[in-house]
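Trainee: Chain A is fixed; fit chain B onto it per the hints.
2 protein chains.
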Amino acid sequence: MKTTLLSFLIFFSFLSAFPQEKAVWIWYPGDFEVWLQREVGGRRQERGQPYPPFWRIDSPYGLVSFQNTFEVPEPETIKIYADGRYSLRIDGNLISDFDPMKLIVPSGKHQLLLLVENYKTFPSILIEGKTIRTGKQWLVTNQNKTYFSVDAGDFYDPMKPPATFSLEYTPITAKIIQKQTNKMLLDFGKETFGKVIVRNANGTGKIRLYYGETQQEALAQAEAETYDYIDINRNKPASDTTAARAFRYIYAVNDAGVSYDDLSALYEYLPLTNKGGFSCSDTLLNRIYDVSLYTLLLTTREFHLDGIKRDRWTWGGDAYQSYLMNFYTFFDEGVNTRTLWALRGHDPVETHINTILDYSFYWMMGIYDNYLYTGDTAFVKQIYPRMKTMMEFCLGRANKNGFVEGLPGDWVFIDWAPIEKSGEVSFQQLLLARSLEATALSAQLAGDPDYATKCRDLSENIRKKIVETFWSDQKNALVHSRKEGVLSETVTRYANMFAILFDYADPEMKKKIRDHVILNDSILKITTPYMKFYELASLCEIGEKEKAIKFVKDYWGGMLNLGATTIWEAYDPDQKGDEHYAMYGRPFGKSLCHAWGANPVYLFGKYLLGIKPTSPGYATYIIEPSLAGLEWIKGKVPTPNGSIELYMNQSEIRVKTVSGKGTLRIKSDKEPKAENGVTITRTGDKLYEIILSIPDKEYTIRYRLPE
Amino acid sequence: MKTTLLSFLIFFSFLSAFPQEKAVWIWYPGDFEVWLQREVGGRRQERGQPYPPFWRIDSPYGLVSFQNTFEVPEPETIKIYADGRYSLRIDGNLISDFDPMKLIVPSGKHQLLLLVENYKTFPSILIEGKTIRTGKQWLVTNQNKTYFSVDAGDFYDPMKPPATFSLEYTPITAKIIQKQTNKMLLDFGKETFGKVIVRNANGTGKIRLYYGETQQEALAQAEAETYDYIDINRNKPASDTTAARAFRYIYAVNDAGVSYDDLSALYEYLPLTNKGGFSCSDTLLNRIYDVSLYTLLLTTREFHLDGIKRDRWTWGGDAYQSYLMNFYTFFDEGVNTRTLWALRGHDPVETHINTILDYSFYWMMGIYDNYLYTGDTAFVKQIYPRMKTMMEFCLGRANKNGFVEGLPGDWVFIDWAPIEKSGEVSFQQLLLARSLEATALSAQLAGDPDYATKCRDLSENIRKKIVETFWSDQKNALVHSRKEGVLSETVTRYANMFAILFDYADPEMKKKIRDHVILNDSILKITTPYMKFYELASLCEIGEKEKAIKFVKDYWGGMLNLGATTIWEAYDPDQKGDEHYAMYGRPFGKSLCHAWGANPVYLFGKYLLGIKPTSPGYATYIIEPSLAGLEWIKGKVPTPNGSIELYMNQSEIRVKTVSGKGTLRIKSDKEPKAENGVTITRTGDKLYEIILSIPDKEYTIRYRLPE
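Each protein sequence line maps, in turn, to chains A and B.
Read left to right, the first sequence gives residues 1 to 707 (this note's numbering).
Read left to right, the second sequence gives residues 708 to 1414 (this note's numbering).
Because the hints were derived from the structure by calculation, they are not lab data.
Because the structure is a prediction, the values reported are computed rather than measured.
It is possible that part of the hints are untrue.
Derived DEER-like restraints, expressed as beta-carbon distance ranges [said to hold, decoys possible]:
| # | chain 1 | residue 1 | chain 2 | residue 2 | range |
| --- | --- | --- | --- | --- | --- |
| 1 | B | Glu753 | A | Pro73 | 26 to 34 Å |
| 2 | A | Ile95 | B | Gln887 | 24 to 32 Å |
| 3 | B | Thr911 | A | Lys206 | 47 to 55 Å |
| 4 | B | Glu778 | A | Met583 | 48 to 56 Å |
| 5 | A | Pro73 | B | Gln928 | 54 to 62 Å |
| 6 | A | Lys465 | B | Pro865 | 54 to 62 Å |
| 7 | B | Leu874 | A | Ile95 | 25 to 33 Å |
| 8 | A | Asp572 | B | Asp798 | 27 to 35 Å |
| 9 | B | Thr838 | A | Asp521 | 53 to 61 Å |
Glycine included, C-beta positions come from ideal geometry on N, C-alpha and C.
Just chain A, with the same shape it has in the complex (with noise of 0.2 Å):
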């Protein structure tokens, strides 16, 4: 049975419901994220050029209304606090002469509506009274006639509207690895982000910082990405600290007028914490992971960045990997959705996400996938306007024969490689497909049946014609493209890739594809970390894992060797020395601190521990556990009810569950062996499947490893 996204209504249709406890502050949702994005994509620098994001940066809704309506059961003292200038109406009436900190409502049923008006930051508010307080019930409009759902987050401080978010920090510091009149080099040890702190300068002149993710990019000086010359003048001794930047190591240059005492940082982050993890018996492989989980660390922030060093801008692309990757590790739903708010900004769609044509569907996919990992519902009603006017864009813009392809103005991407990205490339057809599978879903879930059975009917279309128009029996694979009816000749890895991943090929097809493309050297190369993630997934789900694991060990410990403190954004083994941090045509363009780099933590929890979800929240969920050729492998990967554990090796597999219906898949030479109760059905020739069905219990099944 194939199984498409909406099979999971079957399960779930519950109303996500939000007690609140604690006033909080609310606001219009999706604009927390506008304006933080507008802050954080216009921080970019070139050689100390601003450079925001060359795409439509929206801002705010700067008024707007909110309102609810209580019943007070006794006059009830209410305090308001408000990010902005407001009114306030209660039944319709104009209160004026009030005392925010002390309004008495009367009892009895009313009306709440505040007019609120932020055009610097956004409109916020937090009411705390006895019955009347601001949580996610509350309705919020910008005026258009349309009321939703406000949002709210973790801002309970009346002092502190959201609009003062902040990351935190801790000082760091450096070695000083090389020291001449007026010029030193520093060593924070590892890839870091953080503000630098010039301790007590004085006099008068220039003191000029290099950032390097290399020495050799530090020392560069002009060709160094990113740099900054800090004026000093003056007579008495102050510190300075500058804008946070990414850096392992800064050459500072001063003039000969110009003194200071030392130079530190701030290291700036999201507090997040790893609820994932993975061991095994491979040192390689431990190093690879805690490499990876690190770059994943530095790499998530306001939102998914694609790098630290260079854009520092949310990519559809990028980010919908990073959605994931933070599934397998910190489970920190907020990122996510901070990112697909920020990406999506405001209405009309006027070009796709980042003008990417490909990352208009990642986008979409990515509400998916966090809705299938967390069951928050709640988020998918939010968001669904916008993904339906997204959908329509994209429609839009389909050819005569419901293919996308790119039109001017767009930006095809689909990877950095030499291939054709004009007409209608087969890879665009299957994300349009998916993207519709997830509208459809979401559809479903926001009360809007019709554009669910619209989505659902086109999808299943556009997967009819994908084979229809670009399977080859000649060539056993789906070949790359068609351009003005004649199909291209070339195949790719791309699109037969996701056609095992969205289950969108039939057995035999899964089979062709896996001789033909995945597993024949003269296909084109993947080399990029972007594309592998793909890659190697596939490669997982053809049950070829034993060779994803030699390929990661092969390329990631490529970077280790390299040096590499965090994963880079391309890395070719057949390039030398400098030739490494080259890209964009500048000596140091590429980035060596990229989220899509640290896939690992997404492969090994997903395809070595096994851990995914079946339906949205983990309400039911699969482990098939994999030794991939290691002696023992040992993890944890996160749910919303708490974290699976695992522990196997070649004859013990103890899972500790969570709540929801878990179902454990092994392969065993023997009958498994579990306690008394436990339920073992074979499923086939040397295949089990175990029923671990009570919560925060640790299993302990004895099997045997077939040779």
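Mentor: Only chain B this time, still in chain A's reference frame:
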């Protein structure tokens, strides 16, 4: 022959050229206005509480990209001024480490691109060089892949970017007309608008300023529509200035612990010159003209405001009349286009203009009228994309008959009158048909002929259906509405007078409308100057100018008799005493300085002086003067080429022409006489046409007024 709007196209197809003499600040079209609307709209207060508009207010695009290409004959030093952070690329290359006051651009052909970020106000730039400088020929995009011609205004000072825009100020004083301990009542002599100055306030306590358009309002204190409480807490005198308010009277009440020297004000105004003018043998009409003109002056500010005391907002229907009045007085196109941009804001269109169905139509009609009077094609081209999305919004809400009606969330206004507003109101269909004509014309000018055809066809179709559906041979009129398929029995003035004004009725129908509606006292009377505007115009169109003038004397004269120094929002001669000041359920809710009250300035210019353009920008025009029972009239009507001057008594007409082809139409008992060479054509019984083809010439025509 029926004159439809599109026929003007035959005469005019020139491209608007703006040779740029001097470097000027440039910005994204409409965003100066979107920013200013945010400021102005948010200034409304009611009883000390902020009261911003109840429709969606947009923010300007905070990140835009300006570009232009120049042929530079020799290396050239340019100065770059920007309101915002920016990066500069020349021929695609990022420029770093440059002095924006002396950047040298090498000779040759170069493309300059500036990406400018400003979320506080809006991005704007000014570049000064010998050949490279900012002007209207630059292009700009909000990064949605569409480029527009930039907008610019009268901002040439590099130190004063457009976001420093301010009205002007001049000191005014008042007489104290009541004085008691800690209380005094001031009279500024007439309605005015300004910031109050409290000179040398000292001590501890509050000074309460209650503003009144009447003494009664100021003295009513808590019931005054606006007031300021100034908190004083000092032991050394200092002066305080309030925000700008509307008032004639101020009642100042201070706590015993506070003292001050005196109160005066800074009159706040847009510098405007009356390029029109009107006087006649009737002194009451002359007073009415003067008071109307002053009313228009006070309400013509950053935008055309409805009134100065209460809303101080832009309203599509009110503004439409102000555009037209403006063309007979100040001829200040800037305030018209500012208002049109501000009313519209950004896409997407989610509600009608001001949420009012009819106001969307007036907005589209306003673009047409602005073009007719000024001939400014550049503005039409810039705003056309938003006109098209506005029209698409309206058409998307039409019912199966192609008619519009109020849908949930729509406000159907028409007038302050007890009339049916639900269902298919005939009046709204007339506005729709006219708006379709206006959109067709704009589409043609903006190079979208397919949409022009669509709108023209739709308009013709709707005009036909209006007559088929609403014309009653029994009532000899258009009936008011149809609801659930049932025609109303009611006839109102609205649709019928617009059928005359829009020339949508044939001569036979017009005659019937005149006798059975316009001159029929049993039809519900109009009690707002707002709809009087159209009623008086339609009276004039059907040849009843004397009746119109009599009405003006009665109605406007009635307000003057009650001491009005500006014209009111509404006036019912049957009301008594303070009843006149109440509205919206509040004793002083009525605005006593309301733009729509100023309509005599339009009426006298268009129907007594009888001057109007017959092709855009007065390339051709008609002068059809009428004494309407007066002994003599005299006046001026501005055009883009100077003012046409006219004097008329019962035997002589003197006209001073401007460039363009003028046609004088008069009734005379004998063949008129003019100097040699002037062509006089008899066009009917006692009807003559005289071609005034020489610009800036004073023609004298002798004639005899028929009895």
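Trainee: Confirm or reject each hint.
Mentor: Tested hints:
1. Glu753/B <-> Pro73/A: 26 to 34 Å: holds (31 Å)
2. Ile95/A <-> Gln887/B: 24 to 32 Å: Taking Cβ atoms as reference, Ile95/A and Gln887/B lie about 31 Å apart, which means the hint holds.
3. Thr911/B <-> Lys206/A: 47 to 55 Å: Check passed, 51 Å falls within 47 to 55 Å.
4. Glu778/B <-> Met583/A: 48 to 56 Å: Because 35 Å falls outside the window, the suggested range is violated.
5. Pro73/A <-> Gln928/B: 54 to 62 Å: violated (36 Å)
6. Lys465/A <-> Pro865/B: 54 to 62 Å: holds (59 Å)
7. Leu874/B <-> Ile95/A: 25 to 33 Å: holds (31 Å)
8. Asp572/A <-> Asp798/B: 27 to 35 Å: holds (31 Å)
9. Thr838/B <-> Asp521/A: 53 to 61 Å: holds (58 Å)
Violation of the numbered hints given earlier is confined to hints 4, 5; the remaining hints are satisfied by the structure.
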